[in-house]
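Asker: Given two chains presented individually in distinct reference frames, assemble the corresponding complex, making use of the accompanying hints.
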Amino acid sequence: MGGRFDSLLKDVGRRISESIDREVRGIASRYGYLEYMISRYREILGGISNVVEMLEAYEKPLTRSIRVNTLRFSDVSEVVDRLRALGYELSKISWEKFSYVVTRQGKVPPGATHEFLLGGYYLYRGVASLIPPIALNPYPEDRVLDNAAAPGGKTTHIAQLMGNHGLIVAVDVSRERFRALRTNLERMGVENVLALRADGRRVPEFFGAYFTKALLDAPCTGEGIIQLDPSRKTKTTFEDLVKARVRQVQLLLATVRATVSGGRIVYSTCSIAPEENEFSVAEAIEVAGNVRIVKPDLPVNLDPGVTEYFGVRLPEELKFCGRTYPHKHGTEGFFVCVLEKGS
Amino acid sequence: MRPRERVLRCELSGEELHRHVERLYGKEALEALAGYIPLYCSGGFTEVYLLSQQLLDAVRSLMSSGRVPYYSGLYAGRLRTRRPLFIPSHLLIEKLYDRLGKPVRAFAASEQGIKVLMYGKDLLKESLVSCYEPIEVGEVVSVLGPDRRVYAIGLSEISRCSELDRLSRVQVVARTIFDLGWYLRGGTIPREPKYRV
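Protein chains in written order, with our numbering: chain Y, 1 to 343; chain A, 1001 to 1197.
Here chain A stands alone, though its shape is the one from the complex (with noise of 0.2 Å):
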């Protein structure tokens, strides 16, 4: 089996995040990212990380040796070649909430419902509170908590939030593919990759 390639190459120049958010969570949502320089980060995969100026100033000077971080200010989310595009990390998510003023693209969860998805478990239509859309199909979607905040990061089974009315309550409503549970599954699922698509 081929290796999985490492991190090797950094670039500070490119437009595809805020296309990204854009294109997800509207123009409004760009503002959230006033300030932040994108740092885009390519190995096996393609991350992308905000930067504050003291950050930026660190990181060039890194880079001006040769050198490249392994991790580095906000962490954004991931760039795909396929379906989904982007997989935004649940920081950023927050931080777009923040901005908006209120959840888009968001399935909000029971107590006991973001507990089962904490062991990767999918969200189904009974742990399910309230809906907002714009949602897509297979396209991402945030589970929050009672307390508004992101756990996880699905990909949806519905494209309107009517449509829930036609699903039993143990069907699926999102395929969860990160979890916040994932940080501390390191030790019992190695290897386990961060995003299950």
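So here's chain Y without its partners, still in its complex pose (with noise of 0.2 Å):
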């Protein structure tokens, strides 16, 4: 694995490398960025006006979302009713009916107030960060894998929509995060999950192919989430990218083997770097020969996948893949595409 596109991603950062002009040398002094960068965002974006308007908009606090546990608490509007009471502003999401952005916070943050501590009212989160459940779009009746499942956010969303019934199993291989994802069941009154601290490599190893819909929010380098994460402007070279890149492959196609024929997966980073998203889908689906992109029914408006990057020529169908930008959709960046298994 990895030979072809390797060599791809060799090129790729040698024009990168070259491309770095004056203009991105100064935008990149000017907000404290690598200018690798920088250059690569002028490429996704097209054009240097656009790069500005995202960098700004990464220095503005991140718009957070609440997604009611109504495991728990059956009343929404009596959740939102509290919040309010607390001096929030909240603007109800369109697209997912638990869930509600903060359009102005009280005086105590989400994660401080009683409600929040009382055990499971809601949860906060960036908006993003709600789509991948809803692009799974999980019925009662599946058997689901959420394959690098901690801390849980999406795990407990994907048991909301599925009322508690049938099955999730959640994986994920960190001890400190899975005790956070433990945590997160408990308080929020999970039923149907198993959880399994594993390599989620070794899935297949386990189940065989089982499951009728997965979700890999994969571990990434966060280049989606600078607002919450600002030394991810410096902290992260070309090369680290390319080597996350290797663990989300062969993530994503056990991942892949661990799902029926037929079956659904979606693959989501909070990144929106083309090395570890469309890259990664390319590889894995060159790799696995079985699985293709599928357009989503998503009720939400995102921009298309990359398809070209620096003259590398990818797949067409990366297109249908989904991503969020935090100065066009005012959430964190986001990467989200969804696959099927042929048999």
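Check the hints yourself; a few may be wrong.
Straight-line Cα separation of at most 27 Å, DSSO-like style, residue types lysine-lysine; simulated pairs [what the hints assert, rightly or not]:
(1) Lys107/Y x Lys1121/A
(2) Lys60/Y x Lys107/Y
(3) Lys235/Y x Lys60/Y
(4) Lys295/Y x Lys328/Y
(5) Lys319/Y x Lys243/Y
(6) Lys1115/A x Lys107/Y
Bear in mind the hints are in silico, worked out from the structure with no lab data behind them.
Predicted model, so just to flag it, every value in this text is computed and none were measured.
Answerer: Next up, the structure:
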């Protein structure tokens, strides 16, 4: 695995270096980013003014959403009323029935309200992180794999969409993050999850091709959540991105193997890097040979996936993958792609 | 110091959970467990989970490959070799109360009292709103909020509700062994045990 895509990315790396000019250097210096990042943003967004808009958006606090936990509190309006009484202004998200955008925060941050402390009234997240479970579209009769599941925000969301029925197998390898996953499952009242601490690449060894739906919210470099982690402006090199991709592809291939024929697989990251998104998906499709990208029927408008990057042509169907950008969608930068396994 | 043993062994057979539920909450409460299969996982502690049929199939499949789940289904509570012999989870207790249609072995606390409990404090008489028998000294009792949800589990300091009359307002009526605030204290109080008993 990796030969062809490794050499493609080597070419990309070379072209990125060659493309760094005075304009790129100036913007990188003004906003405190590594130069190679700015050059890539110009390539993805198609112009330096768009890049500046995105960087400006990254300087602002992340727009939060709250998702009311209907597994324990069936009356969504009661929770919303309680938060409004605390000074919160909330706006309903039209495409997610339990969720609201926090348009103004109350005096107490969402992680410190009595309602949050009291165990599971709601969860708060970036808005875009609500998209993968919606794209997965799980039903109560599904057998769902949530690979790289911790800390469990999406696991609990999937459980909510399934009404606590069916089966979710949540897998993660990190001991610390797994504690957070367990905590979230318990406090949110989730009953349909089997949580397994294991390397997600080994899931097919334990279950074979078993799952009707699978989500891989892959571990990534976080290039979409610079609002939350400004150190990301300088801490990740191009080589780090290429390295992260190797594990992402392995995890995606394992997720595909663990899914039944005809099953749906959602790949997502909180990153806008094509190196760990479109390149990872393209390589997994090529290696697996039995999986294809499908156009998701999503109730939210996303930017299309990248199909050409520094002169490298990627499969045309990658345009059906979706991207969010902070300056366009008012969310974190995010990537989501829906795949279907063939026979 | 000897490192704590990890959860290594899980079994799908055993009657202990049902025995304890019947002992504490009565025969009728057992109906809340109908359709669930208990899973006992032992390592440093014995934890009990309740599995649906679909979860059972997945757990069996996993265990046949030599692995055990870290967490599965509905967390029902912890079995102990000393009193209290069983600490039910707040999720299990709420399920039992739903079935019974009323709380038992419980104290209801004021909103202010619940806020204090969320920081791991004990329940004082001044925070108490109502008392639901049976209760026993040293045995588990749940602490309910104004919305009748379980926010903490404690050990009762009294054996009858009528004993409350002789307590001063600042005396402890339940020594809290678990409260929902524990879930969020992880970052501030590292390695705080789940049950303070």
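Asker: For every hint, state whether the structure bears it out.
Answerer: Each hint tested on the structure:
1. Lys107/Y x Lys1121/A: Holds. Lys107/Y to Lys1121/A sits at ~25 Å (cutoff 27 Å).
2. Lys60/Y x Lys107/Y: Since the Cα atoms of Lys60/Y and Lys107/Y sit roughly 19 Å apart, the hinted pair holds (cutoff 27 Å).
3. Lys235/Y x Lys60/Y: Measuring from Cα to Cα gives roughly 20 Å; hence the hint holds.
4. Lys295/Y x Lys328/Y: holds, 21 Å
5. Lys319/Y x Lys243/Y: The hint holds at about 24 Å.
6. Lys1115/A x Lys107/Y: Distance of about 17 Å is within 27 Å: holds.
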